[in-house]
Every structure is written in C-alpha cells, then in structure tokens.
Amino acid sequence: MSDTSHDPKQGPVPSRRAFLRGAAATGAGLAAGGAAAQNAPDPLITQVQDWASGTGDGVDATPYGMPIEFESDVIRRNVEWLTADTISSINFTPIHALDGTITPQGCAFERHHSGAIELRKEDYRLMIHGLVDTPLVFTYADLERFPRVNKTFFLECAANTGMEWAGAQLNGAQFTHGMIHNMEYSGVSLRTLLDEAGLTSAGDFKDKWIYVEGADASSNGRSIPLEKALDDVMIAFKANGEALRKEHGYPVRLVVPGWEGNLWVKWLRRIEVTAQAIESREETSKYTDTLEDGTARKWTWVMDAKSVVTSPSPQAPITHGKGPLVVTGLAWSGRGAITGVDVTIDGGKTWQKARLAAAGQPMALTRFYLDIDWDGSEMFVQSRCHDDTGYVQPTKNQLRDVRGLNSVYHNNCIQTWWVKETGEAENVEVS
Amino acid sequence: MSKYLKVALISAACVTGGAAPSFAADLGLGRAALPAEIAAWDKDVSPDGTGLPVGSGSVEDGEMIFSETCASCHGEFAEGVDNWPKLAGGMDTLDHEDPTKTVGSYWPYLSTTFDYVRRSMPFGAAQTISDDDVYAMVAYILYSNDLVEEDFVLSQDNFLEVEMPNADGFIIDDRPQTEYSQFTSDTACYDNCKDSVEITMRAAVLDVTPEETSSPAPALAPAAVVETAPQEPAVEVAPLEPVDIVASFDADLAAKGEKVFKKCKACHQVGEDAKNKTGPILNGVIGAPIAHVDGFKYSKDFLAAKEQGRMWDEALLAEFLAKPKAVFKRTKMSFAGLKKDSEIASVIEYLKSVSQ
Chain Y
0 MSDTSHDPKQ
10 GPVPSRRAFL
20 RGAAATGAGL
30 AAGGAAAQNA
40 PDPLITQVQD
50 WASGTGDGVD
60 ATPYGMPIEF
70 ESDVIRRNVE
80 WLTADTISSI
90 NFTPIHALDG
100 TITPQGCAFE
110 RHHSGAIELR
120 KEDYRLMIHG
130 LVDTPLVFTY
140 ADLERFPRVN
150 KTFFLECAAN
160 TGMEWAGAQL
170 NGAQFTHGMI
180 HNMEYSGVSL
190 RTLLDEAGLT
200 SAGDFKDKWI
210 YVEGADASSN
220 GRSIPLEKAL
230 DDVMIAFKAN
240 GEALRKEHGY
250 PVRLVVPGWE
260 GNLWVKWLRR
270 IEVTAQAIES
280 REETSKYTDT
290 LEDGTARKWT
300 WVMDAKSVVT
310 SPSPQAPITH
320 GKGPLVVTGL
330 AWSGRGAITG
340 VDVTIDGGKT
350 WQKARLAAAG
360 QPMALTRFYL
370 DIDWDGSEMF
380 VQSRCHDDTG
390 YVQPTKNQLR
400 DVRGLNSVYH
410 NNCIQTWWVK
420 ETGEAENVEV
430 S
Chain F
0 MSKYLKVALI
10 SAACVTGGAA
20 PSFAADLGLG
30 RAALPAEIAA
40 WDKDVSPDGT
50 GLPVGSGSVE
60 DGEMIFSETC
70 ASCHGEFAEG
80 VDNWPKLAGG
90 MDTLDHEDPT
100 KTVGSYWPYL
110 STTFDYVRRS
120 MPFGAAQTIS
130 DDDVYAMVAY
140 ILYSNDLVEE
150 DFVLSQDNFL
160 EVEMPNADGF
170 IIDDRPQTEY
180 SQFTSDTACY
190 DNCKDSVEIT
200 MRAAVLDVTP
210 EETSSPAPAL
220 APAAVVETAP
230 QEPAVEVAPL
240 EPVDIVASFD
250 ADLAAKGEKV
260 FKKCKACHQV
270 GEDAKNKTGP
280 ILNGVIGAPI
290 AHVDGFKYSK
300 DFLAAKEQGR
310 MWDEALLAEF
320 LAKPKAVFKR
330 TKMSFAGLKK
340 DSEIASVIEY
350 LKSVSQ
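Chains Y and F, in that order, give the protein sequences.
Quick note: the first sequence uses numbering that gives the first Met the number 0, first residue 0, plus one each step.
Quick note: the second sequence uses numbering that gives the first Met the number 0, first residue 0, plus one each step.
No wet-lab data here; the hints were simulated from the structure.
This structure is a prediction, so every number in the text was calculated from the model and none was measured.
Where a beta carbon is used, it is the ideal one built from N, C-alpha and C, also for glycine.
Any given hint could turn out to be false.
In silico contact screen, one side only, chain Y against chain F (beta carbon under 10 angstroms); selected entries [what the hints assert, rightly or not]:
| hint | residue |
| --- | --- |
| 1 | V78 |
| 2 | W80 |
| 3 | S87 |
| 4 | G114 |
| 5 | D122 |
| 6 | R144 |
| 7 | L192 |
| 8 | Y210 |
| 9 | R244 |
| 10 | T294 |
| 11 | K297 |
| 12 | T388 |
| 13 | Q392 |
| 14 | H409 |
| 15 | W417 |
Far from chain F, by Cβ distances over 10 angstroms, these chain Y residues were calculated [as the list claims (entries may be wrong)]:
| hint | residue |
| --- | --- |
| 16 | A83 |
| 17 | E246 |
| 18 | L355 |
| 19 | Q360 |
| 20 | Y368 |
Generate coordinates for the entire structure from the input sequences, incorporating the hints supplied.
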C-alpha cells in the first residue's frame, strides 16, 4: 500500500486538539518530564480544599451509580458513516480508557439489527424444538432453576478491525479494535437445557446443528454445530454480576465462547435442533469472507488470536514526557488461552516479551503490560500475541497474502501506532 | 433428597463434556411446546426447501409490493438507496476490488431470501407480510437481478428450480490448512527482524475518524481533567411556539393518508407511545419548527433550517414529501418521495390528525 500521497509529514491529526488541551493543562510536566522539581508550594496541598472541608453526597444520592462526571468521555462511540442508520448499526467500546480485563456493561459495545428491544422477564419464553424428544417451552423463572455456571469470555464482532483491511483508516483503538467486550456470565449450560428436552431423537450428533433465533424484529438467526452447542455454549442472564443490559439481550442471551459475536444471539427465544444448517442471511450474505478469486469462506466462526496496545494510542497519547511509561493492551484467542504477548516499539525490528497481568484464560481477555523508560523519541508500537495452540498473531500483509483485499471479517492482524516525539499517536501501516 | 441426587448427576454429565450421547436430565422444568406455538415461531426455511409455506406470487405483484414496501430503502429497482443494501446487480464483481454483493451476485441459496424477507422485513414492520406476498417480493428481487422473466410466478413447487449464480461460490473455513500452519509461534522473530521501518499509510490522511463534540481527554493526565465537557448541541435556540396553521381538517382524506403512511412507518412513529426510530416522531409536526423533536439527531441541513426559524407548514411539507433531497440536500431520510399529489395531500391531512 505504499503511496507517495501519504506523506507522513502532512495531514490533519484528529486527536491533536484533545492532545494539545491535555498537554497544556499538565504544563510543566511535559517539558520537564520525570520527577520535576516543584518551586512553589502546590495550593492543592497547602490550601484547604472544599472537598476536605465540606461534606459529600449522602448514601442515597445515587441508588444505582454512574461513573463520576470526570469520566464522561469514557463512553461507547459510533462511526456514523459506517451504516445507514443507528438502529441497525454498531458502536465501539472505549478500550483505550479501560484497564484490567472485565468490560463494564455500560460501555460495552452494542450491535443491533433492529434496535435494542425491551423484553420483560415475565414476557420471556424460550422454546427448544426440532430433533428433540420433547419440545419444551421455558419461562425465565424456569431457567433460574437449572444448575448454574459462571464463566468469563470475550465477545468479539467478526467485523472488528474490518475497516482496516485496505489500510490504516480509523484513528483510535476504540474504533479499530473496540467491537469487543469481556464479561463474567452467569447462566445455564446449553447442554443442560438440551438434555432436558432429550437428544435421543437427534441420532448422531456429528452432522446435527442447532438454529438459534432472537425475539427482536430482525429475528437474527444462526446455525451452530450441535457438538459446539454441547461443548461450552451457555444461556446467560447475568453479566458481571447483574442482569444483562437491554442492549446486550436482556433478559437472556446466548454465549458462544471464542466464536464470532453474531452467533451470540440476544433476546434468545428459540433453539431448534436441525439436520442441516439453515444458511440464513447472517451466515451467507454476511459473515462470510470473500477471497481474492471471488470465492468466499463460510462458517468461519472462530476468532483467531489477536492483540492491541490500548495505551499509548491515538485517543490515549503520552502527556507526561519522557521517562517511565506504561505500555498496555489486551490479547485474546478464540482457540484457547493466551500464552504470551510480545511488544515492539521500533516497528518490529526487535520484540520484547510483555508481562501478563494474570495467566491467560481460555477465550477471555488477557491484560499485558510493558514498563519502559521512554527516551522521548518516536516509536512504532505494536503487539503480537501467542495462544496455546502454538499460533502467533500475523501481520496485515501476511493475511492479505492469503485472503486478498476484499475481506472484511476476521482481521486479526498486528496493529501499529506511530507515537511521535510529542506523545501524540496515530494509526499507521509500516513496511 | 432425590432431587439433589439428580442435580449431582447432571453436573457430572456436564463436566464429562464431549459429544457423548446425552440422556434426558428430567428436572421436570418447562412444559411441552404446543404444535401451534412451534408453528408460530418456526419460520426458518432451509436450502432444500424445508419450511417453505404453501403459496405463490408473481413478479408483477411483487413489483407493486416492492415499490410500496421496500423501495424507500432498497430503491425502485432494488439498487439500494444511500447506505441501505443493494439487492440487485453486481454480477461478476466478486473478484474485483470492492465487490458488489447482492442477492443475484452473491447469495448462494434462494431460501435465504425468502427466509429473511418473511421473518425480518420490512424494517420496522417485520412479519406483517403474507406468504403469497413474500413469494411475490422474492420473485421481483429475482427479476431485478435478471434471473427470471417478467411473467414468472414463484411458488413452493418451482422454488428449488431457480438457479442462483453464486451457488458454488463458497468453501468451508479453510484457515486450519491455509493459515494456522504458517502463523506459528516458532516462526516469531525477536532480534534484527527487519532493516528499516517506513510508514506506508496513515489514518490521519484519510481523516474519517468521527470528530468529538467533547474531545477525549488524555487518559494519563487525570489532573488535567478539571473541566466537565458539555454535551449540549453547539447552537442554542430559543424555544419556538408552534404556529396554529391547522385551520381545516378533512377526516376522510386523513383516513386515506393513514394508509399511505404505512410507507413512512418503517422509520417514523406517531401516537402516544411514539419513539424516535430511524426518523423522528411526527406527532404535531405540522406547524412545528423544523427539527423540533428532542433527542433526535437531525442532519446539518435541518439544524440550519431550525436556526433560521423555519417551520413545517403544509406547503413546505408537500414539497419535501415530493422529493426530500430537493428541499434538504443532506437530509438523512433515504425515502425517494411520494409520487402522487393525492398521496402527499392525504399524508399531510393524516399528520394533522396526530397533532398534539
């Protein structure tokens, strides 16, 4: 994609305004860097502040709390030109501003095909039918009486990073990698429910499927091999300890560990055991991957290993100048656990092993850190992860060599942030 | 006690995992699904025709229904309006840069079209179309792709005879063979991996990242975040009083308009429980200031008109409904316009009746 019109010295930088405001406010910190000497006493210390003198809110001020107002920029964002309309659209998790691995529900990305519906628990019904011994209908209250499980998984949209296939496009980790969240789900193993309906009628499980459908107007439906359904698929009604949010499928959604988000049907109302894949719109015209010769891959369900540096990044520039710098990011694999993450600051000439905040868990986000002493010179920051199948995250060009340029989904390539001497960062591709 | 033993057994079955034949767990939860209930929800149609209802529909009927129901988003000829999906054309483009994927050029099975139209379309009024009409709409989509003649009638009997051009265009996920074998950890380089690193492309040059009304604050400078970023729209407008221009009202005309309004319903709601959807609520729109609905994100053209203090009077609305983009070039409304003056007049009359 080398192109002389993309002169690195030209072009507006969307994050510049935000960056400058932040830099100006921190003032001396940027110029001096490191442990700057304080000449005059800091009034925040020497003067009695309002909050240290008066009182704060009482216990009932916020029966259900929102983040403090100073965090009002840590929100989901939409890229308006991507879709015709916000009702059938997607927004992005602010991963550049989060830490740890659990995504708060309130800022976890949303994707709807006919809008987020309001479905009361009392009005909720789940039907299991098809090649089962007894077709059954469950109420929400029924579901709560089955033996329960708690498991943490990432959900990534197959289109995450899809806008970057042709070249660096969106300037921010939120936009390039924000179609992902990671939650602890409470619910019932799908196997338990299928057993309740009985599967002796299904015969050999190997060539059987389930078809899952939501209650919203899009009737989003997908076919999933019965063997996967019986392996680790869940019916979830709680996430991160509380009820699912409306936008994530309240009161019940499907959890399909390691597989693309479109399969995680929200407002789940129907599970049909079938002898064939239904080949619905979402598994033929969408979520298929067109290769260079025009043929397309289908049933590309698994999300391959992927990682991204969330800070520094275009929306999270370095504002403190040279010296100690925390480089951090996320890694995940739909095929197992992350075993390691490598980070480069020179565009891939040399790589060092990052520190995992905790050992990788299968099909869940892993947080990594690399603590460096930044010398203030420009960096080309990338991360590269490994999973327990022995797979290593590829470069964008490696993927293009196999798939061509017309692919959209399943872009798990290595991402580059160009961090400039000023601390600003930009989404770029490098040779 | 026995209840707990059963639970223990089920837990044991879960941890064994794998594809071992399962047995009825029999917690006795849930109830048998009634045939009528299964029939109501089980609408999916498979490539081999399983699930197709009895019925038929012609290209001719389909064209009328399509024009009424689908064309506002998909275009009169299924060519797609704005960012809404194109349903026709794009033949032989799949190996081009930016292929055009339509029902004709890409979709491998006709069952998918029937299934999707019947269960999920039209947008905003799903599952309101009769089976015969779905056959007709699918027939018209085939016709718009030059796959059938204009006198074609699609039914459950000839459904499987229709040949889809891209039926053989798909392969099952081959990443294990084509990718996993070469992207392996033992190939990862750590030192002296390349001689030089040059920038080959920059996102800032494209400049398509959304601008923030409140810019993201730097993540690593908490001390700097002392100002609270206002989220209000930049333009402050004094509330305008609706002008009473609803002088006359023709109830019969309004009743006709209610029928025409079906075209609008995919995007606009009216009445007591109306909410903003793809388009704003239209309660009381006649005589109201332009862009008066709270919480709807209007186009820049609408906001400019609001700032000028312009109102939705009958004349302006009639002009807008005839050809929306001729009045407000950048309107978000993808609807092409009502063709007949009588339809325009009746819809305006109907909208008067939902004035508050």
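Quiz prompt | Structure-inconsistent hints, enumerated in ascending order | solution = Numbers 5, 9 and 16 - these are the hints that the structure violates, sorted from lowest upward.
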